[in-house]
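**Q** Single-letter residue listing:
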Amino acid sequence: MKIHDNNRTIAIWSIVGFAAFGILPWYALPDGLSGLQGLSELFAGRDSASGLAQLLLHRRPWLALGVWPLLAALPVLWMAPGRAQGRLLAWCGALGVAGLLAQGFAVGLPGPGALSGFLDPSGTGQPGFGWGAMLVLCALLMQTAFGLARAGAFRGDLFVAAAVVGAASLLITFVAFPVFRSLAGAFLDEAGQPSAAAWIARIASERIWGLGCVHSTQSCGVAWNTLALAILTGLTTTVLGTLLALVENRSDSRIRHALRFLAPLPIITPPFVVGLGLILLFGRAGLVNQLIEWAFGIAPTRWFYGWFGVWLAQLFAFTPIAFLIVRGVIQGVSPSLEEASQTLRAGAWRTFAHVTFPLMLPGLTNAFLVGFIESIADFGNPIIVGGQFSVLSTEIFFAIVGAQFDQGRAAALALILTVFALGIFALQRAILGRKNFTTVSGKGDAGLSMRLPDGLRRGAMCVVVPWLAFTLVVYVFAFCGGFVQTWGRDYSPTLAHFRTAFSVAVDAGGVQWLGAAWASLFTTMKLAALAAPLTPALAC
Amino acid sequence: MKKRNAVASLALALTAYFPAAHAQGTGQLNVVCSVQDEWCSLMSTTFARSAGIKVNVLKRGSGEALAQLLTERSNPKTDVWFGGTGDPHLQAAEQDLTLSYKSPSLPQLHPWAQAQAEQSQWRTVGVYSGPLGFAFNTELLAKKKLPAPKCWKDLLAPALRGEIQVANPASSGTAYTMIATLVQLMGEDQAFAYMKGLHQNVSQYARSGTGPIKAASRGETTVSISFVHDAPSEQMQGFPIETATPCEGTGAEIGSMSIIKGARNLENAKKFYEWALTPAAQQLAAAAHQYQLPANKSAALDSHIPDFRKIKLIAYDYAKYGRSAERKRLIERWEREVNSLPR
Chain A
286 MKIHDNNRTI AIWSIVGFAA FGILPWYALP DGLSGLQGLS ELFAGRDSAS
336 GLAQLLLHRR PWLALGVWPL LAALPVLWMA PGRAQGRLLA WCGALGVAGL
386 LAQGFAVGLP GPGALSGFLD PSGTGQPGFG WGAMLVLCAL LMQTAFGLAR
436 AGAFRGDLFV AAAVVGAASL LITFVAFPVF RSLAGAFLDE AGQPSAAAWI
486 ARIASERIWG LGCVHSTQSC GVAWNTLALA ILTGLTTTVL GTLLALVENR
536 SDSRIRHALR FLAPLPIITP PFVVGLGLIL LFGRAGLVNQ LIEWAFGIAP
586 TRWFYGWFGV WLAQLFAFTP IAFLIVRGVI QGVSPSLEEA SQTLRAGAWR
636 TFAHVTFPLM LPGLTNAFLV GFIESIADFG NPIIVGGQFS VLSTEIFFAI
686 VGAQFDQGRA AALALILTVF ALGIFALQRA ILGRKNFTTV SGKGDAGLSM
736 RLPDGLRRGA MCVVVPWLAF TLVVYVFAFC GGFVQTWGRD YSPTLAHFRT
786 AFSVAVDAGG VQWLGAAWAS LFTTMKLAAL AAPLTPALAC
Chain B
8 MKKRNAVASL ALALTAYFPA AHAQGTGQLN VVCSVQDEWC SLMSTTFARS
58 AGIKVNVLKR GSGEALAQLL TERSNPKTDV WFGGTGDPHL QAAEQDLTLS
108 YKSPSLPQLH PWAQAQAEQS QWRTVGVYSG PLGFAFNTEL LAKKKLPAPK
158 CWKDLLAPAL RGEIQVANPA SSGTAYTMIA TLVQLMGEDQ AFAYMKGLHQ
208 NVSQYARSGT GPIKAASRGE TTVSISFVHD APSEQMQGFP IETATPCEGT
258 GAEIGSMSII KGARNLENAK KFYEWALTPA AQQLAAAAHQ YQLPANKSAA
308 LDSHIPDFRK IKLIAYDYAK YGRSAERKRL IERWEREVNS LPR
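Protein sequence lines, in the order shown, are assigned to chains A and B.
Under the working numbering, the residues of the first sequence are numbered 286 to 825, in order.
Under the working numbering, the residues of the second sequence are numbered 8 to 350, in order.
Wrong hints could be hidden among the right ones.
As the list claims (entries may be wrong) - Each computed DSSO-like pair below joins lysine-lysine, with the alpha-carbon atoms no more than 30 Å apart:
1) A:Lys811 x B:Lys84
2) B:Lys319 x A:Lys811
3) A:Lys811 x B:Lys61
4) B:Lys319 x B:Lys152
Simulated from the structure, these hints should not be mistaken for laboratory data.
All chains should be built: construct the whole structure from the sequences, respecting the hints.
**A** Printed below as a string of structure tokens:
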């Protein structure tokens, strides 16, 4: 009995599924696959055995729930491609996925539970999914996808079906499900039952929506704080990013070269580092305050902490993103349209105001959107330099952490945050959606883009040059910090910190990575090397 | 050109796997560590070397560690929770997150450490103790011509407006110890009236318990309410910081250790637990410049460790104030009555 030619892909995935079930460890191993001490562990080890061994030897019969569809789907290999085959395959795959996930959720650590009592009466329990379980799950998902394709969806294309089902399941697992689970907590009361009263009590709180700061010295509600800060950050990062992009693209200044290197630099800096660096400069014991005290005799205060410090830190951290977005937009503005305007005797200012700027506008609104979203999601900067200025992200943190562990409150605040983010998206679409800002380009579109009008160029340089100098100063300080004994106290140069972090010893056993920072460095590189190819592949 | 790039990127990806070739010992251990960085590293590297077990350390404040344990309770990734003030450990025990384990070394410990274990049905044990107090920047005080604070009531002085930092009780065990101490010292209503007055002088409620003392050392604030044993490591770096314990009386924390229920590496966790209670391991704290009082009676006492006989300690009721409901009630009351006030 020969397997039908067109079923080769399906056959391969069936083999993968069976192999994963029979050979690979079903559960997650703490050391990974390299921790296996030998083939016997695949059968004997209680937690490291393969799925087949778990089912037969280790009294975990509920695993059959996820695996019988693999067997049930075998007959499709001998069927001709068609609707019947597709339907059988799709049903088997879907039931398999459902069964596998159900038994994963139902049976966990040994303990009481309604469903686990039914599935696992002896109380054996099970750890989390490992290589075996994941590959079987993938095989079942692929079967569902192939089944749908054969039944008529996706015009019968197996690859497209697999890609769509794969991407959708990744999104559901890592985005939709966790977000839904955490936000749903907003509607549950203390006992875990849905309750409208609990929801209303959490949302309608003075702490969130109070307007005290408008008419008194009391602080405003966190929602207003977050909104005001986000709008301010969005606007200022967009303006600054636009000026940087205009100088970089449309001027002949020599500063362009430094700009190309310095402007995107804050993107690679971790958020806490930006906040701490700014405290070293502007904090009460910071250099700027010490300078002011030495020059003018004014006692240093904590003027930097609060909304101003958070805004400055966010401006520093998020301008590069706006810069990159607007730079892309400016490069996309067709020079021939500007040339046409100038041949019709419009001056530099008129051309900029009526041709260039309107073409840039959608990009600017995108940059504002990104700045807004980054600001409301920012946690590192408000927690370090915020002082008593609270925003939604810090409130959520304090609700979850510590004795309170008030998941309901944290979920309610997170829901408000989500509504803000979605609201701004909707607003942007409403404003831009109806107009169409395409630059029609094609043959004959080469040309030199117009230089900036004089006034605009001078204004932009007045802003850009100090900003780049400021960026350079912060990074020089951050870099020098590693070479002094104790920043803020003892500025004697030393290499001791590098020795603590990166010391290496070569002895009989090989290279010994003694320093404290080697482990973090290797983990960072490993994670980056793994994520770098996967991210664009998934985005495709 | 393309081949060279491919080879280069492959080589880069492979370098990330180099350290995987480490000594194959007898398994692993996952520790959540809520004490100072240096002490955590010293404990984990010393234990790893002596027992031949690979130790994975996660450094978390005690409040954050508790939140993590609560959320991963159905699939715990941690084996041992070492350090951090006692109240979160007692909460974890109440929530059935930790394993009941009666160590044979218990009789070697001070009575307060044994009481901590007994009170939680052996789910946790005391490993160190340290008194709460004030830390102040001597240079800033001299510049402002202010006297050093010696009593709780000194902190209410209007001259100290905006000059005090303490941690946020929601996330920090240190700050909760302060609330519980004041409640036991003055009575609940008086204590909250005091904290409302203190709120006027507080510039910021920091995220972690050690944040305020670091800020005071670096001159970002003048006075911080912290554990006094956090000061010597700052003093050794050359910062002008001094400490005092309040004249009316103060409380002390009992740093604790627990084994997590459902730990994957239970045997290794028990080995670590036993080792951490030995005098040698207890003395590692002093080696890391942390001067809490060790729980083991036979551990040698470093000269920097404050003499508990000279400090006025209240009779802190760990049983009552370690209970989850009481903790939640007090922190909620603080949120409602103190934190929402304007400054």
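**Q** Hints first: check each against the structure and report whether it holds.
**A** Hints and how they fare:
Between lysine 811 of chain A and lysine 84 of chain B the CA atoms are separated by roughly 21 Å; this keeps the pair inside 30 Å, and the hint holds. At most 30 Å may separate the alpha-carbon atoms for a hinted pair to count; lysine 319 of chain B and lysine 811 of chain A exceed this at roughly 52 Å. Between lysine 811 of chain A and lysine 61 of chain B the CA atoms are separated by roughly 19 Å; this keeps the pair inside 30 Å, and the hint holds. A C-alpha spacing of about 27 Å is found between lysine 319 of chain B and lysine 152 of chain B, which places the hinted pair at or below 30 Å, so the restraint holds.
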